[in-house]
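Chemist: Build the full structure now, drawing on both the sequences and the hints.
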Amino acid sequence: MSLLPIFPLDVVLFPGAPLPLHIFEPRYKEMISECLEQKRLFGLVRAKQESLAEVGCTAAIVNVSKKYDDGRLDIHAEGRQRFEIVQLNQERSFLRGEVIYFDDDPGVPRPAELETLVQLHRQLFEMLGQDPQVEPDHPLLSFQLAQDLPTDLDFKQSLLEMKTETQRVTTLVEYYQATIPRVERSLRARVKAGGNGHVH
Numbered sequence: 442m443s444l445l446p447i448f449p450l451d452v453v454l455f456p457g458a459p460l461p462l463h464i465f466e467p468r469y470k471e472m473i474s475e476c477l478e479q480k481r482l483f484g485l486v487r488a489k490q491e492s493l494a495e496v497g498c499t500a501a502i503v504n505v506s507k508k509y510d511d512g513r514l515d516i517h518a519e520g521r522q523r524f525e526i527v528q529l530n531q532e533r534s535f536l537r538g539e540v541i542y543f544d545d546d547p548g549v550p551r552p553a554e555l556e557t558l559v560q561l562h563r564q565l566f567e568m569l570g571q572d573p574q575v576e577p578d579h580p581l582l583s584f585q586l587a588q589d590l591p592t593d594l595d596f597k598q599s600l601l602e603m604k605t606e607t608q609r610v611t612t613l614v615e616y617y618q619a620t621i622p623r624v625e626r627s628l629r630a631r632v633k634a635g636g637n638g639h640v641h
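Under the numbering used here, the first residue of the sequence shown carries the number 442, and numbering increases by one thereafter.
Each hint should be verified, as a subset may be incorrect.
The calculated lysine-lysine pairs, modelled on DSS-like cross-linking and capped at a C-alpha distance of 30 Å, are [to be verified]:
{"no.": "1", "residue 1": "Lys470", "residue 2": "Lys597"}
{"no.": "2", "residue 1": "Lys604", "residue 2": "Lys633"}
{"no.": "3", "residue 1": "Lys604", "residue 2": "Lys489"}
{"no.": "4", "residue 1": "Lys480", "residue 2": "Lys597"}
{"no.": "5", "residue 1": "Lys507", "residue 2": "Lys470"}
{"no.": "6", "residue 1": "Lys470", "residue 2": "Lys508"}
{"no.": "7", "residue 1": "Lys508", "residue 2": "Lys489"}
{"no.": "8", "residue 1": "Lys489", "residue 2": "Lys470"}
{"no.": "9", "residue 1": "Lys480", "residue 2": "Lys507"}
{"no.": "10", "residue 1": "Lys489", "residue 2": "Lys633"}
{"no.": "11", "residue 1": "Lys470", "residue 2": "Lys480"}
{"no.": "12", "residue 1": "Lys508", "residue 2": "Lys480"}
{"no.": "13", "residue 1": "Lys480", "residue 2": "Lys604"}
Distance ranges between label pairs, derived from CB positions [stated by the list, open to error]:
{"no.": "14", "residue 1": "Gln618", "residue 2": "Glu491", "range": "31 to 39 Å"}
{"no.": "15", "residue 1": "Leu477", "residue 2": "Arg563", "range": "35 to 43 Å"}
{"no.": "16", "residue 1": "Glu625", "residue 2": "Lys507", "range": "40 to 48 Å"}
Keep in mind the hints are simulated off the structure, nothing from the lab. For each residue, glycine too, the CB sits at the ideal point set by N, CA and C.
Modeler: As structure tokens, this is what we get:
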């Protein structure tokens with residue numbers, strides 16, 4: 442079984458999501474150089490304090506945007522496929538892992554639910570003053586929307602680990618339905634505080 446180089450970071454990477462990285466630690470400079478030479482993927486796994494998540498996502502290096510004189514690199518990578526770590530290997534300066542790759546179980550969300558999800562996503566981002574880019578026909582719509590969410594990493598990690606698009610879509614709809622009223626309330630409170638009760 443070939444070992445996958447592991448990059449632990451306080452980030453959750455989804456399949457298809459962009460990942461800009463600044464590589465400066467010697468062990469990761471070594472790891473990324475090898476991946477570039479061998480055209481190999483590496484695995485990004487969320488790191489929390491002293492522990493690693495069990496499920497991560499492979500990343501393909503799309504390009505190197507900058508090389509520094511001291512060997513540091515700026516790279517653009519992209520999420521590819523999810524995996525579960527079976528065993529970690531610490532023989533090298535960087536972690537490697539025996540992993541099992543997995544995709545979603547069969548099943549497609551109902552069109553009406555996808556439509557609701559896209560509407561709620563747009564509603565939330567417009568409230569935040571952003572113009573969300575959405576591809577409603579994206580095969581993994583849940584990941585595409587979730588990558589931009591200003592939410593905690595525990596929630597993103599739980600989405601990454603779910604084995605069906607239907608389950609992720611339902612979970613995201615519930616998240617938006619709970620979050621949108623909270624954001625509305627805090628925006629209203631901010632307008633009141635900002636206006637100070639005086640008519641301009």
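Chemist: Take the hints in turn and mark each one as holding or not.
Modeler: Going through the hints against the structure:
no.	hint	result
1	Lys470 x Lys597	holds (27 Å)
2	Lys604 x Lys633	violated (44 Å)
3	Lys604 x Lys489	holds (22 Å)
4	Lys480 x Lys597	holds (28 Å)
5	Lys507 x Lys470	holds (13 Å)
6	Lys470 x Lys508	holds (11 Å)
7	Lys508 x Lys489	holds (29 Å)
8	Lys489 x Lys470	holds (22 Å)
9	Lys480 x Lys507	holds (18 Å)
10	Lys489 x Lys633	violated (38 Å)
11	Lys470 x Lys480	holds (15 Å)
12	Lys508 x Lys480	holds (18 Å)
13	Lys480 x Lys604	holds (28 Å)
14	Gln618 x Glu491: 31 to 39 Å	holds (35 Å)
15	Leu477 x Arg563: 35 to 43 Å	holds (38 Å)
16	Glu625 x Lys507: 40 to 48 Å	holds (41 Å)
The earlier numbered hints that this structure contradicts are 2 and 10.
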